[in-house]
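Asks: What follows is the residue order along each chain.
Protein chains: 2
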Amino acid sequence: MRSHNCGLLRSADIDETVTLCGWVDRRRDHGGVIFLDLRDRDGIVQVVFDPDTEEHFATADRVRSEYVLKVTGRVRARSEATVNPSMPTGEIEVLGKEIEVLNTAATPPFQLDEHTSVGEEVRLRYRYMDLRRPEMQQRLRLRSEVTDAVRRFLHGEGFLDIETPILTRATPEGARDYLVPSRTHPGQFFALPQSPQLFKQLLMVSGFDRYYQIAKCFRDEDLRADRQPEFTQIDIETSFMDEAGIMEITERMVRGLFKAVLDVDLPDFPHMTWAEAMERFGSDKPDLRIPLELVSVDDLMQQVDFKVFRGPADDPLGRVAALKVPGGASISRKEIDDYTRYVGNYGARGLAWIKVNDLAAGVEGLQSPILKFMPEDVVASMMERLGVANGDIVFFGADRAGIVNEALGALRIKVGSDQGLVGDGWAPLWVVDFPMFEDDGDGGWTPLHHPFTAPACDLATLREHPGEALSRAYDMVLNGTELGGGSVRIHNLETQEAVFDILGIDPEEAREKFGFLLDALKYGAPPHGGLAFGLDRIVMLMSGAASIRDVIAFPKTQTAACVMTEAPGTVGAAQLRELHIRLREQEKKTGDS
Amino acid sequence: MRSHNCGLLRSADIDETVTLCGWVDRRRDHGGVIFLDLRDRDGIVQVVFDPDTEEHFATADRVRSEYVLKVTGRVRARSEATVNPSMPTGEIEVLGKEIEVLNTAATPPFQLDEHTSVGEEVRLRYRYMDLRRPEMQQRLRLRSEVTDAVRRFLHGEGFLDIETPILTRATPEGARDYLVPSRTHPGQFFALPQSPQLFKQLLMVSGFDRYYQIAKCFRDEDLRADRQPEFTQIDIETSFMDEAGIMEITERMVRGLFKAVLDVDLPDFPHMTWAEAMERFGSDKPDLRIPLELVSVDDLMQQVDFKVFRGPADDPLGRVAALKVPGGASISRKEIDDYTRYVGNYGARGLAWIKVNDLAAGVEGLQSPILKFMPEDVVASMMERLGVANGDIVFFGADRAGIVNEALGALRIKVGSDQGLVGDGWAPLWVVDFPMFEDDGDGGWTPLHHPFTAPACDLATLREHPGEALSRAYDMVLNGTELGGGSVRIHNLETQEAVFDILGIDPEEAREKFGFLLDALKYGAPPHGGLAFGLDRIVMLMSGAASIRDVIAFPKTQTAACVMTEAPGTVGAAQLRELHIRLREQEKKTGDS
Chain L
1 MRSHNCGLLR SADIDETVTL CGWVDRRRDH GGVIFLDLRD RDGIVQVVFD PDTEEHFATA
61 DRVRSEYVLK VTGRVRARSE ATVNPSMPTG EIEVLGKEIE VLNTAATPPF QLDEHTSVGE
121 EVRLRYRYMD LRRPEMQQRL RLRSEVTDAV RRFLHGEGFL DIETPILTRA TPEGARDYLV
181 PSRTHPGQFF ALPQSPQLFK QLLMVSGFDR YYQIAKCFRD EDLRADRQPE FTQIDIETSF
241 MDEAGIMEIT ERMVRGLFKA VLDVDLPDFP HMTWAEAMER FGSDKPDLRI PLELVSVDDL
301 MQQVDFKVFR GPADDPLGRV AALKVPGGAS ISRKEIDDYT RYVGNYGARG LAWIKVNDLA
361 AGVEGLQSPI LKFMPEDVVA SMMERLGVAN GDIVFFGADR AGIVNEALGA LRIKVGSDQG
421 LVGDGWAPLW VVDFPMFEDD GDGGWTPLHH PFTAPACDLA TLREHPGEAL SRAYDMVLNG
481 TELGGGSVRI HNLETQEAVF DILGIDPEEA REKFGFLLDA LKYGAPPHGG LAFGLDRIVM
541 LMSGAASIRD VIAFPKTQTA ACVMTEAPGT VGAAQLRELH IRLREQEKKT GDS
Chain C
1 MRSHNCGLLR SADIDETVTL CGWVDRRRDH GGVIFLDLRD RDGIVQVVFD PDTEEHFATA
61 DRVRSEYVLK VTGRVRARSE ATVNPSMPTG EIEVLGKEIE VLNTAATPPF QLDEHTSVGE
121 EVRLRYRYMD LRRPEMQQRL RLRSEVTDAV RRFLHGEGFL DIETPILTRA TPEGARDYLV
181 PSRTHPGQFF ALPQSPQLFK QLLMVSGFDR YYQIAKCFRD EDLRADRQPE FTQIDIETSF
241 MDEAGIMEIT ERMVRGLFKA VLDVDLPDFP HMTWAEAMER FGSDKPDLRI PLELVSVDDL
301 MQQVDFKVFR GPADDPLGRV AALKVPGGAS ISRKEIDDYT RYVGNYGARG LAWIKVNDLA
361 AGVEGLQSPI LKFMPEDVVA SMMERLGVAN GDIVFFGADR AGIVNEALGA LRIKVGSDQG
421 LVGDGWAPLW VVDFPMFEDD GDGGWTPLHH PFTAPACDLA TLREHPGEAL SRAYDMVLNG
481 TELGGGSVRI HNLETQEAVF DILGIDPEEA REKFGFLLDA LKYGAPPHGG LAFGLDRIVM
541 LMSGAASIRD VIAFPKTQTA ACVMTEAPGT VGAAQLRELH IRLREQEKKT GDS
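Protein sequences appear in the order of chains L and C. Number 485 in the numbering used here belongs to position 485 of the first sequence; there are no gaps in the numbering. Number 537 in the numbering used here belongs to position 537 of the second sequence; there are no gaps in the numbering.
These are calculated hints, taken from the structure and not from any lab test. Nothing here was measured: the structure is a model prediction, and the numbers come from that model. Ideal Cβ positions, reconstructed from N, Cα and C, are used throughout, including at glycine. Any given hint might turn out to be false.
[Said to hold, decoys possible] Derived DSSO-like pairs (lysine-lysine); straight-line CA-CA distance at most 27 Å:
{"id": "1", "chain 1": "L", "residue 1": "513", "chain 2": "C", "residue 2": "216"}
{"id": "2", "chain 1": "L", "residue 1": "414", "chain 2": "L", "residue 2": "285"}
{"id": "3", "chain 1": "L", "residue 1": "334", "chain 2": "L", "residue 2": "259"}
{"id": "4", "chain 1": "L", "residue 1": "522", "chain 2": "C", "residue 2": "70"}
{"id": "5", "chain 1": "L", "residue 1": "259", "chain 2": "L", "residue 2": "307"}
{"id": "6", "chain 1": "L", "residue 1": "216", "chain 2": "C", "residue 2": "372"}
{"id": "7", "chain 1": "C", "residue 1": "372", "chain 2": "C", "residue 2": "307"}
{"id": "8", "chain 1": "L", "residue 1": "285", "chain 2": "L", "residue 2": "259"}
{"id": "9", "chain 1": "C", "residue 1": "334", "chain 2": "C", "residue 2": "355"}
{"id": "10", "chain 1": "L", "residue 1": "97", "chain 2": "L", "residue 2": "70"}
{"id": "11", "chain 1": "L", "residue 1": "70", "chain 2": "C", "residue 2": "522"}
{"id": "12", "chain 1": "C", "residue 1": "372", "chain 2": "C", "residue 2": "355"}
{"id": "13", "chain 1": "C", "residue 1": "513", "chain 2": "C", "residue 2": "216"}
{"id": "14", "chain 1": "C", "residue 1": "285", "chain 2": "C", "residue 2": "216"}
{"id": "15", "chain 1": "C", "residue 1": "513", "chain 2": "L", "residue 2": "216"}
[Claimed, not checked] Residues on chain L that point at chain C, a partial pick, calculated with CB under 10 Å:
{"id": "16", "residue": "22"}
{"id": "17", "residue": "147"}
{"id": "18", "residue": "167"}
{"id": "19", "residue": "203"}
{"id": "20", "residue": "216"}
[Said to hold, decoys possible] So the derived label-pair ranges between C-beta atoms look like this:
{"id": "21", "chain 1": "C", "residue 1": "248", "chain 2": "L", "residue 2": "259", "range": "48 to 56 Å"}
{"id": "22", "chain 1": "C", "residue 1": "512", "chain 2": "L", "residue 2": "117", "range": "29 to 37 Å"}
{"id": "23", "chain 1": "C", "residue 1": "51", "chain 2": "L", "residue 2": "244", "range": "48 to 56 Å"}
The following block holds chain L by itself, in its conformation from the complex (with noise of 0.2 Å):
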């Protein structure tokens, strides 16, 4: 129907005879000639009727915004005087000959270049309109070069992209599961998969050696954060490697497809022990970018009397640690008090200060609500050991180690970035060395990643000191994000049957809920482990977006609705019984809940 694209056309085109196809992005009448500015996904082309062409003068004249046109001309060069440097067309134009409505269009719901006066729910509801919007068509097209790079790399190395199932059992993520009602097996349900873990394990013991899958995952969780009910992983596992090959494959990828994507090399990727990362950024995914670190004091502050610092000091689950800001002294007041409410939202209970106005007047010279509780010596140690300069500023977190990382390593960020300490470019690592468990605050164990991760240690000391036992997983983190995450898998039944053990989770249940998994370990099972990307997370970091909803075609609000669809919808009465199950609503009204 059309001979070129209208945003590709350029000066080596000039005296063609084109013919386009596209949407009328703006129209206007000047000096008795219309000039139509005609879009679609390459770009928009100026295009200029004269009354020369009586007919096709008068449909020129009465077409409107995001009317459907196909309109055949002469590629000419713009006149110097109008010349638009700013579009890649352009140097040129399209003197129209003929031009042919292929469809109406009524009064747009916005106008494109407007979306931010209309609120996130009219675009979401015209999502069509939206996705019109060239930065839309650019996220998406972005969103589509990454899968092919990501694909491509993987494929050339040996992996085959075997799809798992959608309807399948309740999986152990731990999240909330979408349910499907089974209409042939009445009073039971599928689950949706929260991610393909253990299918991609069977495929390991299943001799395939390399797996990967651009794969859905669903989670019914509260979507307070940017996260989507349903999300995009790339899905990798492969068998006879060990942590360091996996790393070096997907550090591979990932540095592949920002060099094809985005023709950006990135740099080294450190490795950082969680360890590390909690101590000097309290954050497993720290942002590299920002050059503030979190250093501990507490054995100065064993020397103190304040309690608030001294608790925390004294306590083996406690940590007093302090941020400094360079030139930090500037921030008010009000700005601190901010500061002291943000990190309330991670369970500080307040946030100390100290602002350096004049180190050559010692303790005068600084300025802070909590220097009359602290002995000189051990403020002046503390100083030299934060090596503060005039100017700085820096933020004390005292209580247990979780929040006090939580809580400055998100003053970190924000801080940070207030200031425009935020650095260029990208800053990518490795974190690993995980802990096998966490405390789960009753006396057991929860796993850090899931209970699928192989120990670095042997089964004794995993069995004797869960607590301290570290694991054989490895995230992969870009500018504060997570990227992705994997491990080593455990191949070994003894071992499973014994995490299975440390979690609280005995033989019956375990073989209950993974009895297939158990029974695939028994029969040759091969040392295997992988990892898996957010595929959304990637884009969005890629494209600039700030938001996931900005790169995916048709998301969902934070209330896990469509509100172009209207999905979820109401069901008729047959359907439901047709799946063995009712309203819990309707039963209320006839009184027998």
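Using the hints provided, position chain C relative to the given structure of chain L.
Replies: Relative to chain L, chain C alone:
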């Protein structure tokens, strides 16, 4: 962990020291030497341990089938007598130096080479064992090659890979939906998509121009045929392209796929109208490898008194057709009885036949229970029309046209296959010019494809003669299987409303079900169309598998269950309460249903 893959070792590797990982396919003890067949996804290699290496010999001695090993040794040529030309690695063997047991294996539930002796249920329960069979490995590897070739082609042609939602609204394909209760919207349900049809149309309205997705689709149907609750579509849609363009590009894709994966050059794809396909083959997906055709004899049968034939011949909705099978006179009476029962499955009330024993003898040379009902000249004209020869048999169908076509169409395949008449190779074609609607037997119309298919006629004609209107749909058929089907879609609001009207969907219902589509058609929908291929079926055909279950890693049984993971399963009361539903079973027990 390894230097080479087992199945890839060749004579060129002789004298290399290699480290291999894999499964023990077989262990033999012969003349004081241990032979291990070590298997990985690339094949099998023979490893030999002799008693020189005492410790490793002892280990090799205790390994059993399906143990996972790591073996280091030297590649050497086999002696001339022991070269095995049927194995790709058969010219060499590995003289084992070191052996490590990576994992043991209990006695397998079945020996891999004895899979046919256990039922499919056992193979599905231990699917991870069944998938170790080289045949299954090859099928899933072929599937991965197919998706890769398809993606590479479509990406190269500028199609964007865009994901559409799995949690969505009931879709209009007409089969039963799988439903997902919403936790955040009490009493409401998502549906799993039967296809991304409406989303891909909306992507065209969004201006993406060319879309593809290898998409999971879901239908909660009874699985009598070779169907699965979840299946995979290669889903394609383009804007500004007519049916010729879409058929050209998708034919090129399939041609390239067969070349890339099977090194097969598909022959030309003839175009055949739906009417011709039904007339000549009684099927809209004719297997052109079978050189048998239906021949209409209605005009001749209007001259006989025999009611069974005369009735349908006189009825404008009836049909009398003949199917000549060359050399079929040898078909026994018992076989004819079997065929009679077979066509009975398709609604035929009998199967008349005539055997041609001696053409020169006239009617005397024919053998048939129905000859007595027919005038000799009619028989003679018929024999002439059919071009029979001695030794042929002719079968007859007489009934409503639909039944005759289904019954004789199926018989054609069955007899053709039984008589060894199915030609070699690949016989693709396009079936075009489908009717828009079919009689729903209730005075109304149902769409032959779906209600978004564009008509080939103008609106006035469509409204006046819906039964005669043709659509702009097309199916790609290969060897009697529909590989895919598609159409140019309706992009015009008035046409869409007219089609809904003909289908008896009133404006309110249309608004309620498809409001978002009707809105989208208002705001500048481009001309567009596309096609969806059944990936499972394509891979089944290409791999020569007998069932789509053999080309799906983890398929469901005929009752839509997974016997390995035991899905679907029961769910706790608390979880159901969160989803605002209750089991009906439960209610019966408390007597309040």
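Asks: So which of the earlier hints does this model not fit?
Replies: Violated: hints 3, 5, 6, 21 and 23.
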